[in-house]
Each structure stands twice: as structure tokens, then as C-alpha cells.
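Take the sequences, apply the hints, and build the full model.
Which chain is which? The protein sequence lines are V and E, in order.
Last residue of the first sequence: 263 in our numbering, with the numbers rising by one and none dropped.
Last residue of the second sequence: 539 in our numbering, with the numbers rising by one and none dropped.
Keep in mind that the hints were calculated from the coordinates and are not lab data.
One thing to keep in mind: the hints can contain errors.
What the hints assert, rightly or not - The calculated label-pair distances, taken between Cβ atoms and stated as ranges, are: (1) E261/V with T400/E: 43 to 51 Å; (2) L363/E with V62/V: 46 to 54 Å; (3) K139/V with P311/E: 38 to 46 Å; (4) I308/E with A231/V: 21 to 29 Å; (5) T173/V with G305/E: 33 to 41 Å; (6) Q88/V with P313/E: 17 to 25 Å; (7) L363/E with T117/V: 56 to 64 Å; (8) L345/E with Q240/V: 27 to 35 Å.
Stated by the list, open to error - In silico negatives: residues of chain V with every beta carbon more than 10 Å from chain E: (9) G69; (10) N75; (11) K139; (12) P174; (13) E192.
Stated by the list, open to error - Chain E is nowhere near these chain V residues, computed Cβ spacing over 10 Å in every case: (14) K122; (15) N131; (16) D137; (17) K147; (18) I204; (19) A258.
We treat Cβ as the ideally placed atom computed from N, Cα and C, and that holds for glycine.
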Amino acid sequence: MFRRLSRWAIALPVVLALAGLTGCGSGEPATSASASAGGEAKEVTVFAAASLTGTFTELGKVFEAAHPGTTVRFNFGSSATLAQQIVQGAPADVFAAASPATMKTVSDASPASSPSTFVRNKLQIAVPADNPAKVDDLKDLTDTKVKVALCAEQVPCGAAAVKALDAAGLKVTPVTLEQDVKATLTKVELGEVDAALVYKTDVIASAGKVRGIEFPEADQAINDYPIATLAKAPAGAAAQQFVDLVLSQQGKDVLTKAGFEAP
Amino acid sequence: MGPRRGLTGRRPAGRAASGRLPWVLVLPAVLGLVFLVLPLAGLLIRAPWPTLLARLAEPHVLEALRLSLVCATVATAVCLLLGVPLAWLLARVDFPGRRLVRALVTVPLVLPPVVGGVALLLVLGRRGLVGQWLEATFGITLPFTTAGVIIAEAFVAMPFLVISVEGALRGADQRFEEAAATLGASRWTIFRRVTLPLIMPGVVAGAVLCWARALGEFGATITFAGNFPGTTRTMPLAVYLALETEPEAAIVLSLVLLAVSVIVLASLRDRWVSAP
Chain V
1 MFRRLSRWAI ALPVVLALAG LTGCGSGEPA TSASASAGGE AKEVTVFAAA SLTGTFTELG
61 KVFEAAHPGT TVRFNFGSSA TLAQQIVQGA PADVFAAASP ATMKTVSDAS PASSPSTFVR
121 NKLQIAVPAD NPAKVDDLKD LTDTKVKVAL CAEQVPCGAA AVKALDAAGL KVTPVTLEQD
181 VKATLTKVEL GEVDAALVYK TDVIASAGKV RGIEFPEADQ AINDYPIATL AKAPAGAAAQ
241 QFVDLVLSQQ GKDVLTKAGF EAP
Chain E
264 MGPRRGLTGR RPAGRAASGR LPWVLVLPAV LGLVFLVLPL AGLLIRAPWP TLLARLAEPH
324 VLEALRLSLV CATVATAVCL LLGVPLAWLL ARVDFPGRRL VRALVTVPLV LPPVVGGVAL
384 LLVLGRRGLV GQWLEATFGI TLPFTTAGVI IAEAFVAMPF LVISVEGALR GADQRFEEAA
444 ATLGASRWTI FRRVTLPLIM PGVVAGAVLC WARALGEFGA TITFAGNFPG TTRTMPLAVY
504 LALETEPEAA IVLSLVLLAV SVIVLASLRD RWVSAP
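Structure follows, in C-alpha cells:
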């Protein structure tokens with residue numbers, strides 16, 4: 001009898017721990033509005049492109065101040081990754097993408113509200129603050145002695161870079177194709193590459209660590225940023241209210257201050 | 264564990280215990296197995312079987328696979344050259360601060376690989392402490408080269424080898440080494456003729472672990488070596504990029520990596536690790 005008991009004493013915590021582990025993985029939507037007594041306490045989960053990190057965090061605070069009891073949670077990342085996560089069932093209320101193509105991935109898989117373009121972003125050449133390779137314009141990037149980082153073509157900033165280089169009729173051989181725009185920028189900040197094509201907003205956000213150079217062909221590769229609420233949005237009306245804030249004049253002010261252009 | 268025959272007088276396990284299997288052990292064991300195997304089953308179930316062959320034949324897949332195999336193998340060779348002596352130092356030589364050094368050796372194990380990649384950039388990058396000097400003196404830059412991939416993989420994988428070999432050294436019977444010493448052998452001769460043959464199974468097991476870890480390396484590679492087809496885009500990087508737009512292609516690439524590593528590891532185990 002005693003032996004049986006002691007066996008249980010060992011086995012029980014093990015089984016409980018395992019049950020706990022599997023419980024974690026069962027993917028219950030973490031965003032489900034935690035209905036409290038007032039019924040007002042809600043969470044809005046926003047999946048947004050990495051380039052929106054600064055501005056959307058600021059807008060989230062504005063939203064929370066205007067809607068007491070509602071919190072905004074963000075998942076920032078490469079738009080393409082976020083789109084895949086939503087398609088695979090990640091519980092998102094709002095999706096703000098850095099390209100119409102990544103938004104289409106989501107709306108093809110499940111109906112979303114019709115997306116509206118809220119900002120546009122333009123590419124710039126980013127060079128280290130001391131510009132060691134003396135890059136002045138896009139043509140300088142074709143020099144084989146100049147080390148260039150681009151975003152991979154699969155992510156929006158890379159698609160835009162290809163479009164801009166095609167428009168200029170230039171062929172650039174980069175040393176690396178980075179997985180998102182922030183990684184590309186980091187390579188410039190660390191001085192590992194002499195130049196990279198990133199968004200103007202990223203250059204501004206780097207606060208002097210890199211220098212941005214405008215180039216005319218960037219106008220042919222402007223990225224539209226669409227935003228939409230998702231059909232199964234657990235937060236319901238609050239999701240639409242957040243989108244409304246982004247589209248409002250207040251939202252526009254925050255975004256243009258960071259270097260985005262009005263659509 | 265087989266090749267110890269007779270040395271320590273241990274008998275092979277398995278026949279030693281008999282009787283009913285204790286479910287306290289069997290139940291968690293089965294759960295653990297399911298937990299490990301289920302994600303693989305997920306890959307197999309979702310794989311686009313009808314287009315599998317066509318996708319495999321694409322040149323960029325073979326290119327990434329070749330690069331992965333070459334880099335992981337060279338990285339393992341580097342780890343063997345540096346890691347076995349390091350393990351010997353930790354296990355056989357008493358020096359001040361040995362415990363600290365042993366802890367330092369395991370740092371890459373706990374460091375997130377991306378952080379390891381940043382650290383490598385800060386030291387070996389173009390503006391890094393050593394990298395600056397390398398470029399000025401020899402004109403060598405390591406980031407964005409295949410050599411960079413090998414360095415990143417070796418950095419992350421070496422602890423697996425060192426820990427495994429050090430364990431084998433500690434488990435090995437030192438009386439053989441002492442006997443050789445009394446017969447007048449130098450420490451180098453003892454290492455070469457006595458110690459190394461004695462711990463060979465541990466070295467091989469460590470090398471296999473090290474190779475497997477290097478093959479799957481992602482974070483340090485993409486951070487330090489970047490991502491360019493043919494020079495630095497290994498299979499895990501190709502999988503990650505494919506996931507951005509084409510999950511099906513990512514599944515195919517993962518299956519290839521999985522199949523290759525399972526085949527290599529299984530054949531190595533039969534040949535070396537568990538041979539009698």
C-alpha cells in the first residue's frame with residue numbers, strides 16, 4: 001500500500017506537468033475579450049509590419065488613453081511572416097501590412113474587411129554615418145567594391161528594391177539578402193556593408209546612426225501600406241475603432257512625423 | 264556504449280533488469296516520444312507530395328543542400344581540431360580558474376544564436392576588434408562569406424563536442440595512462456596512443472552531435488554570415504525565407520534536411536556509436 005502511494009507521489013507531478021505543457025499548446029485565443037463585470041475590458045491584437053513599430057506603439061497608447069479598460073497588444077514582424085501566422089490561425093484583430101501582396105495572402109485565405117491604404121513608404125539608400133564607400137546615388141551601388149545589403153525579394157522592402165533597381169536599369173549584386181528591413185538596417189549600423197536600400201522611415205528611426213540618400217527611382221517603387229480588420233476579430237468593434245484612429249487626422253500626424261507619406 | 268568491452272568490466276545493459284516495466288517510467292517516456300515525433304508527423308502530413316519531386320529538382324534546393332553539408336562538415340572538422348584538445352585540457356590538466364573556463368565553454372549553448380551572431384560581428388566583423396585588423400593586414404573579411412558560415416556554425420556547435428569528449432575523458436580509466444607514463448611515454452604519446460583510442464566512442468558521438476547542430480544552425484549564420492544563394496544560404500535559411508511566401512516549399516526543404524540528417528545520423532550510429 002505504501003509503495004503504491006509513493007509511486008503516485010512521483011507520478012502525479014510528472015503527469016500534471018505534462019498536462020500543463022500540452023494545455024499551453026492548445027492555442028486558445030489569448031486575445032479573447034476578458035469579459036469583466038463592466039464588460040468593457042478588452043484587448044485588441046494588432047499584427048503590424050516591422051516598419052510600423054515606433055508609430056503604432058505610440059498610436060496604441062493614444063488608443064488606450066481614449067478607451068479606458070481596453071489594451072492594445074502588438075505583434076510586429078515581417079509582413080510576410082505575419083500574414084502566414086494569420087493564415088495559420090493566429091488570433092489577430094487588425095492587420096497592417098507593408099505591401100498589398102502580403103495583405104492579399106490574408107484576404108485570400110479568410111475574408112477581411114476591405115483594406116484601406118493608410119500610408120506609403122519610400123526607399124532610401126542608407127549608408128553608415130561616415131559613408132566609407134562615398135556613395136552618392138543608386139549607380140554607385142553597382143560598383144563591385146561597394147558592399148550592399150538588400151532585403152530578400154520575398155519581403156516587401158526587397159520587392160520594392162528590385163522594382164526600383166529595375167526602373168533605374170541597374171544590376172546590383174548584394175553580399176546579403178536580409179530577412180527583414182530592420183536586419184538590413186542593422187548591417188549598415190554596424191558598418192558591415194557600405195550601403196543598403198531601406199525605407200525612409202527606418203533611416204529616420206535610426207536617429208543619426210545611418211545617413212539616408214534620396215534617389216529619383218524610389219518614386220517608382222513606393223510601397224502602399226494597407227490596414228484591415230479581420231473577419232474573426234475577437235475584439236469586434238474595438239478593432240474597427242483602432243483602424244479608425246490610424247486613418248484619422250491624429251493618426252496621419254503621427255505617421256507623417258515618422259517619415260511616412262500620405263496615400 | 265559498446266566499445267568499452269572489458270575495460271571497465273561493465274556488462275551491456277538491457278539484460279540486467281527483468282520483470283514488469285514500471286509505468287511510472289514508461290508513460291512519460293511515451294509522452295515524450297509523442298511530443299518529439301508529432302511535429303515531424305505534421306511536416307509529413309502537410310507535405311505537397313504530388314509536386315515534391317519537381318520542387319526537389321530545383322537547382323537552388325540542391326545548391327543550399329550542398330552548401331549546408333559542406334559547411335557543417337568543415338565546421339565539425341574545425342571543432343574536432345580545437346575541441347578535443349580543449350576537452351583534454353579541461354579534464355586532465357589542473358589549472359587555476361578551470362571551473363570558470365568550463366562554464367565559459369558552455370556559453371554558446373545558452374546564448375541565443377542570434378546574439379552569438381551579433382557577438383561574432385562585433386569581434387570578427389569589418390569594424391570588429393579582430394576583424395578590423397584582419398582586413399587591414401590580410402585583406403580578409405569574414406562576414407557574408409562561406410568561411411563566415413563555418414565560423415558561425417563552429418561557434419554554436421563546439422560546446423556539444425567539448426562536453427561529450429570531456430565526459431568520455433572523465434569516464435575513461437586513468438590507470439592505463441598512468442601505466443604508459445611509468446613506462447616512459449611522454450604526455451603527447453600517451454594522448455595519441457592510449458587516451459584517444461580509449462575515448463574514441465565519445466569523440467565520435469560528440470562529433471555527430473556537433474555536426475547535427477551545425478547542419479541546423481540558423482540564427483548565428485543569418486546574423487553573422489548573411490544570406491546569399493550559393494555562398495551563405497544554407498538549408499535552414501532557405502526554409503525560413505520560403506516560409507515568408509511559400510509554406511509548401513518550406514515544408515519540402517525541411518523534409519530534405521530532415522531526411523539527410525536522419526540518414527547520416529542513423530548510418531553513423533550503426534557504424535560507429537553502437538557497434539560492438
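Comparing the hints with the structure gives:
no. : hint                           : verdict
1   : E261/V with T400/E: 43 to 51 Å : 47 Å, holds
2   : L363/E with V62/V: 46 to 54 Å  : 50 Å, holds
3   : K139/V with P311/E: 38 to 46 Å : 42 Å, holds
4   : I308/E with A231/V: 21 to 29 Å : 26 Å, holds
5   : T173/V with G305/E: 33 to 41 Å : 38 Å, holds
6   : Q88/V with P313/E: 17 to 25 Å  : 22 Å, holds
7   : L363/E with T117/V: 56 to 64 Å : 57 Å, holds
8   : L345/E with Q240/V: 27 to 35 Å : 59 Å, violated
9   : G69                            : 36 Å, holds
10  : N75                            : 16 Å, holds
11  : K139                           : 22 Å, holds
12  : P174                           : 7 Å, violated
13  : E192                           : 5 Å, violated
14  : K122                           : 22 Å, holds
15  : N131                           : 14 Å, holds
16  : D137                           : 23 Å, holds
17  : K147                           : 7 Å, violated
18  : I204                           : 23 Å, holds
19  : A258                           : 25 Å, holds
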